[in-house]
Amino acid sequence: MTASAPHPTDLLSRYDQGGFFDELFGSRASPAPHNALIRERLAALAFEDIHLRSENAARELYNLGITFLIYSEQAAIDRILPFDVIPRVLSSTEWAHLEAGVIQRVTALNMFLCDIYHEQKIIRDGIIPAELVLGNSNYRPQMVGLKVPFDTYIHILGVDLVRDGEGVFRVLEDNGRVPSGVSYVVENRHMMQRVFPDLMQNLAIRPVDNYGQKLLQAVSEIAPPDATDPRVVLLSPGSYNSAYFEHIFLAREMGVPLVEGRDLVVSNDRVYMKTTNGLARVDSIYRRIGDDFLDPLAFDSTSLLGVPGILEAYRKGNVGLANAIGTGVADDKAVYCYVPRMIKYYLGEDAILPNVPTNICREPEALRYTLDHLAELVVKPVGEAGGYGITLGPLASKKELADCRTKLLADPANYISQPMVPLSVCPTLTEDGVEPRHVDLRPFVVTGRNTWVLPGGLTRVAMRKGTFIVNSSQGGGSKDTWVLED
Amino acid sequence: MNNLLARYAEDIFWMARYMERTENLARILDVHETYGHDHHGSKNWRSIIRLNGDEKGFFDRYPTASAENVVYFYILDDSNPTSIVSGIRAARENARCLRPWISTEMWTHINVFHNRLLSLTPEDIALPALTRLCSMIKESCQTHSGITEGTFYRDEGWYFYLLGKNVERADQTTRLLDIGFHAPGPSADAIDPARHDFVHWHAVLRSVAGYHAFRRVYPHGMTPADIAVFILYNESFPRSVTLCVREINLLLTRLKSRYKLNGGNKALERIDEIQSALATRAIERVIRDGLHGHLDWLQLRLSDFTSELSRSFFGRQPSEVSQQQEA
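Here the protein sequences come in this chain order: A and B. Taken in order, the first sequence gives residues 1 to 486; the numbers are from the numbering used here. Taken in order, the second sequence gives residues 487 to 813; the numbers are from the numbering used here.
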């Protein structure tokens, strides 16, 4: 029997990317050459076939419990993150650009944090307003003057990137506190390898399996110097947290215990975990608990998730924490606007990855502009995550716009506005065939002594037609992200 | 040495107990379906409720102990904490907390089993389908044991798993025996195979999967006392109380020495007490003084053992923690 050439089906023949940049087809003018083989292979698949494989993948994800929790009024429900089987593919050139961009960004953000918790030169030099930093609710005075290993504060950074109509990658926001989603990157790859081995055959795709080892290395590097064989743990808020699957995943990949606050105690400014044989010293912690809940003695006193006394142990240098305390001031949506200037200030370079143009509504000029152009702009509260509280001007009703105006006027400093970026699309499987859906990209950047970037990152996809909101809490899904080698 | 997180030890212990408990409950229900056909009728369904101490929980929800009500109460009723659905939910909750520690195959199996139970409808537990359903549940529990045996990493956690399994099995065996002896009352008289109560005693042995093993030891005839001796004291029958207790003793001794654990001495004392009581009690005396009372005593001692284990290894006593902090 001889191998037959693939027969084109109509899977992609009626596909219309609209006026957007397409991750598989490129721009209308110049189809992305690196994707030619993948397009050809996809075009040879029948809709029924790809649909069946997609259903099998969903069932497997559910059975494996690769889920996140949604809380309804009655109960907590396990949901899988919708997984789209058509991959998003980046060329080696595109990736080299992105990688350099996020490394530059994390370097500047860490220098910024080191600066504001020590000399505060950037404030004195008038690059960023003092009240934006020192008056920020995520600024932690407890960190002032504290030296952290390698001056690294953000050990794990997730950078949310979007691609505009010209195909230019832009930074939408930084996630420098407890970014999540990396488990889906690895699990999506495993799922593709099981469901679509024929699509991946003989393609040089950069692997993503070593994330856990790289993370463990970084977290081990920040252990106290006297810990020769540091004991690392992952601190989770517990099995009812919506990202609990990811905590499990990472603990397994790192080969370390997943602990909760109740498993740890602090004594003589040292952190211990409760074992079957009493207390055992803990040297370094990858914590998936926000600053506020970390230590009821220092921050939110009602928190039951944290470990009383852990801040003091940290301040004495007896335990490593990743991320460091107080990084939230660097990923604030208002501070975000200043990141290109930070890069220039600390590194003397232009930002490799531009921001999305942003109006800071605390500034009267920007507020006026925002109010005048409300129907064209995206308005975001600065302190929220997960896509909550956003008003999309072009899609909003009259009432939503009026509500937004009221909120803006009541507390302008709590908002920024941005033009609506026409997010790039990627062919996505729907009940009616393959259709364009909007995507973003979140690369994961790991920094201990050095910085390493996981090739690709999490591609989130807005599964509902026309919508730009990709957050899992708002019905978004994800795709496998391939970085091709040369 | 890196010792096991205390909470993991506790979750592993209880996961094993819930799975074992579920298997035994499926056995009881399966066998009682047979009882349903003899002249005892609904009386025996009521005895399950009584011996599990569920009278209040049951009669708060149901007017009568009909077969349908009891079966629903013990299989699908998620408001009953002792139902099979609740047991597997609890095992899954333990497994959920243990996912970083147990094998992916163990977790996936429990997750799928749980989802399957959730999809059951009242038709699936109707009496004609009950035996098949009980077999499915029993076999799912056994599949869990098999997957665990074949994939669970053998460190401290494995010992806590086996401890949980054996404690629960010993406890459940005393309950099965109690249910079996409740209805007709124990006697040393031979059972006439032609009489209806042969069906009953046959079912008691079958509920612990012990009929053929019993026949090997007692090829001729069958007395209730022989059955009690076999289920309580047999040295080789995997569900006998004596064998389970001997396993517990061995496991705990080995766990302590292999992982240099300081705690657990009181738990060992408790298990020694049970062992010597089992070794010296003549069955005639047990039956004369009341089998039910003896089984109660065993259940209480096993519960004391679990408390000691919790205090020693599961981080359940604040004073111990503060002592170790000083060290």
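Note that these hints are calculated values from the structure, not bench results. Misleading hints may appear alongside valid ones.
[Stated by the list, open to error] Between beta-carbon pairs, the in silico distance windows are:
hint, chain 1, residue 1, chain 2, residue 2, range
1, B, 703, A, 255, 58 to 64 Å
2, B, 763, A, 63, 43 to 49 Å
3, B, 554, A, 464, 43 to 49 Å
4, B, 759, A, 150, 54 to 60 Å
5, B, 594, A, 420, 41 to 47 Å
6, A, 190, B, 767, 53 to 59 Å
7, B, 625, A, 150, 52 to 58 Å
8, B, 539, A, 240, 26 to 32 Å
9, A, 58, B, 706, 57 to 63 Å
[Claimed, not checked] Quick look at which bits of chain A chain B covers, simulated, 3 or more residues with Cβ under 8 Å:
hint, region
10, 164-178
11, 273-287
[Unchecked claim] If we take Cβ atoms under 10 Å as the criterion, some of the chain A residues that face chain B in the derived model are:
hint, residue
12, 65
13, 81
14, 234
15, 238
16, 242
17, 244
18, 245
19, 248
20, 249
21, 372
Think of the CB as a built atom: it goes at the ideal place given N, C-alpha and C, for glycine as much as any other residue.
Here is what the structure says about each hint:
1. 703/B with 255/A: 58 to 64 Å: Violated, since residue 703/B and residue 255/A (Cβ atoms, about 48 Å apart) do not stay within the stated range.
2. 763/B with 63/A: 43 to 49 Å: holds (46 Å)
3. 554/B with 464/A: 43 to 49 Å: Holds, at about 45 Å.
4. 759/B with 150/A: 54 to 60 Å: holds (58 Å)
5. 594/B with 420/A: 41 to 47 Å: Between residue 594/B and residue 420/A, where Cβ atoms are some 42 Å apart, the hint holds.
6. 190/A with 767/B: 53 to 59 Å: Holds - the Cβ-Cβ distance for residue 190/A and residue 767/B, about 56 Å, lies within 53 to 59 Å.
7. 625/B with 150/A: 52 to 58 Å: About 55 Å separates the Cβ atoms of residue 625/B and residue 150/A, which means 52 to 58 Å holds.
8. 539/B with 240/A: 26 to 32 Å: For residue 539/B and residue 240/A the Cβ distance comes to about 30 Å; the hint holds.
9. 58/A with 706/B: 57 to 63 Å: holds (60 Å)
10. 164-178: violated (count 0)
11. 273-287: Check passed, 8 qualifying residues.
12. 65: Residue 65/A check passes; min Cβ-Cβ to chain B is 5 Å, inside 10 Å.
13. 81: This interface hint is violated because 16 Å lies over the 10 Å limit.
14. 234: holds (8 Å)
15. 238: With a closest approach of 8 Å, the residue 238/A hint holds.
16. 242: Violated: closest Cβ of chain B sits about 14 Å from residue 242/A, beyond 10 Å.
17. 244: holds (8 Å)
18. 245: holds (8 Å)
19. 248: Because about 4 Å separates residue 248/A from the closest Cβ in chain B, which is inside the 10 Å limit, the hint holds.
20. 249: holds (9 Å)
21. 372: violated (52 Å)
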